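2 protein chains.
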Amino acid sequence: MEKQKQTEISELGEFGLINHLTKDFPLRNPQTRTGIGDDAAVLSFGDKEVLVTTDLLLEGIHFDVRYVPLKHLGYKAAVVNFSDIYAMNGIPRQITVSLGLSSRFTVENIEQIYEGIRLACEMYGVDLVGGDTSASASGLIISVTCLGEASKEEIVYRNGAKETDLICVSGDLGSAYMGLQLLERENQVAASAGKDFIPNFSGKEYILERQLKPEARKDIIYELRKAGIRPTSMMDISDGLSSELLHICHSSDVGCRVYEDRIPIDYQTAVMAEELNMNLVTAAMNGGEDYELLFTVPLTDREKVERIKEITMIGYVTKPSLGAALVTRDGGEIPIRAQGWNAFPTSSDLVGARNPEMESSSELESEIKEKENQ
Amino acid sequence: MEKQKQTEISELGEFGLINHLTKDFPLRNPQTRTGIGDDAAVLSFGDKEVLVTTDLLLEGIHFDVRYVPLKHLGYKAAVVNFSDIYAMNGIPRQITVSLGLSSRFTVENIEQIYEGIRLACEMYGVDLVGGDTSASASGLIISVTCLGEASKEEIVYRNGAKETDLICVSGDLGSAYMGLQLLERENQVAASAGKDFIPNFSGKEYILERQLKPEARKDIIYELRKAGIRPTSMMDISDGLSSELLHICHSSDVGCRVYEDRIPIDYQTAVMAEELNMNLVTAAMNGGEDYELLFTVPLTDREKVERIKEITMIGYVTKPSLGAALVTRDGGEIPIRAQGWNAFPTSSDLVGARNPEMESSSELESEIKEKENQ
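Chain order of the listed sequences is S and A.
Here the numbering used here = 1-based position in the first sequence + 8.
Here the numbering used here = 1-based position in the second sequence + 8.
In short, the hints are calculated from the structure, not lab data.
Any given hint could be a false lead.
It does not matter which identical chain is used: a pair holds within one copy or between any two.
[Claimed, not checked] Below, a list of computed lysine-lysine pairs in the PhoX-like style, where the Cα atoms sit at most 20 Å apart:
#1 Lys221 with Lys79
#2 Lys160 with Lys56
#3 Lys160 with Lys226
#4 Lys13 with Lys79
#5 Lys13 with Lys312
#6 Lys170 with Lys312
#7 Lys160 with Lys317
#8 Lys327 with Lys170
#9 Lys31 with Lys79
#10 Lys234 with Lys160
#11 Lys226 with Lys312
Computed from a prediction, not measured in an experiment: that's the story for all the values here.
Using the sequences provided together with the hints, build the complete structure.
Written out as structure tokens, the structure is:
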């Protein structure tokens, strides 16, 4: 490698890096409608538009095989890609799966991964159409690409949110993150307790399932269509609500107000946060991996949205000059900051699964406390 | 992981493993025309068909950054996917690129990879439309997915070869493999000679370029169209001529005869084989990474094919009962065996780049010698 200025990746961060690297790539083909910058690319080959999304899952970064069953891993690898297609208001149709496998994996191990992928394909009506399988020098690598379709009129981008639109989320938030905390805690206890330790997950099944076997919100997409609602903007919550809200605000050139007391949180998530002495709102705002849908609808659709189960209105879209803020229970406002999961942590310890930037989360936490104590 | 029978992946081999894993995946969507089993999947979303192919490149398995410049690596990662689309008689249109990067890679390193990708996209008129970038626990991971298009009538599969068809290849074979041997030899010499060693690649530029910066045969696809030739079957030569001939014979249910003295080999390839005391035909038949096109045309197209530069007729298609065989210079016949690159070598030494099964190659070599000495 030549001697020249060398910049650590963490200086730019994941999104900064992607922007930096892809700025010199023009789009040449009329069949390419939208490239980088949304949940999926939009291509046009005929009367329907084709959506493409891809995800790379790496052992030691995105998952830990010590506590993630391989079947669940296969299921999740497929479903998180389906979620990206739904987030465009499209229907996933095909996936390709590439696996890199170190020598410690056996055929039976890989069968389990494929069994999970097969189940996900069955549940969501998707076809496995290709892939690549190779030895890897170390660890397990899963690369999934998903294609979906939608008519031109159906596709929902991140950039359509308008002032006064209502901000909605499906399901509840923070549960997948709390499931991960639980798995990591039990794994640590197991390591010190030795062979006889049996983890107790009783009463925590929901948060575990949210972490290990997440679902994509196909049901919400169908409910919205049935109700005649076309969101003005939409994305799935993979990096955390804060991060995704900022993506929508940035792409749509708007601001937002989201109410702390409207954020949907499950009972088990709350109990687990209490047990671990963690701030609940922080987990819900920045936890990530929820794979719920975040979307905006015109104010006039309020009643229609209210009639759909599992959708919560959490706030509204403002003009851009007001910025993005969380409104606390006492009416104070805290600016929402980009946090999410950091794909390039500055510290070198990548033990366990994904490594959130908890410094900034604690910052939000103390700001919330401060506001609440005023 | 549960206790049950555990099977080493090498027992099944790459193709056996893929067949084994994907046999339970039905195709559910009418938009999916063809799934696994060709150079690319064929999907149908409108008047044009969409082609999808994906490749996973792993450090320590597929490349060695000690002697592969990162820019070349990016270029090659893109081009090998374009080659798969051309091999279906399609035109590549879009790619997604996912990178896994260990902490030793800097922003400048990744810029070089993207510079290579950008150049490939420019040369072949392809749009970068998405991807994923993440830290990796170790090594560099490149996963590329390419989409292309073709009309239904244009697409050429592996399964259309008919008895008496002519077998053709573009360019020459074995040169990329000899380039790799040269790089590995110089790398070993450099390791023992220390810092002051300057490798001498003079007179070997062509084989080096074939290994480091391969091209996809876009030109041949255009020439064939211009001449009004539609191949009856086609694939690209990534794993070696022997392996690809058997794929076409198997998919088309035919046999073949390929003439040793018709296999196109470049002068530099021959010189390098001589230097390294390796069998030239073995390198050409099993070397891999040539990214030339192997295709069959009806006998009636013979004159049209002869007029196209850089296409060589190497043999003809027979009825299946005759099997696949190489006809040696003296008129003897040696059965062609599946060899190619083994993605799951049985030995654990994965030093350097791809690890061909040279045992079986030496078998071919000794068989050829035997025939020649008769």
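Each hint tested on the structure:
1. Lys221 with Lys79: within (9 Å within a copy, 39 Å between copies)
2. Lys160 with Lys56: Both ways: Lys160 and Lys56 sit 7 Å apart in one copy and 16 Å across, limit 20 Å.
3. Lys160 with Lys226: Intra 19 Å, inter 31 Å, cutoff 20 Å: intra-copy only.
4. Lys13 with Lys79: between (44 Å within a copy, 17 Å between copies)
5. Lys13 with Lys312: neither (56 Å within a copy, 54 Å between copies)
6. Lys170 with Lys312: within (18 Å within a copy, 60 Å between copies)
7. Lys160 with Lys317: neither (27 Å within a copy, 44 Å between copies)
8. Lys327 with Lys170: Within one copy only: 8 Å inside a chain, 67 Å across chains, cut-off 20 Å.
9. Lys31 with Lys79: Between copies, since 17 Å is at most 20 Å while 38 Å is not.
10. Lys234 with Lys160: within (18 Å within a copy, 34 Å between copies)
11. Lys226 with Lys312: within (18 Å within a copy, 53 Å between copies)
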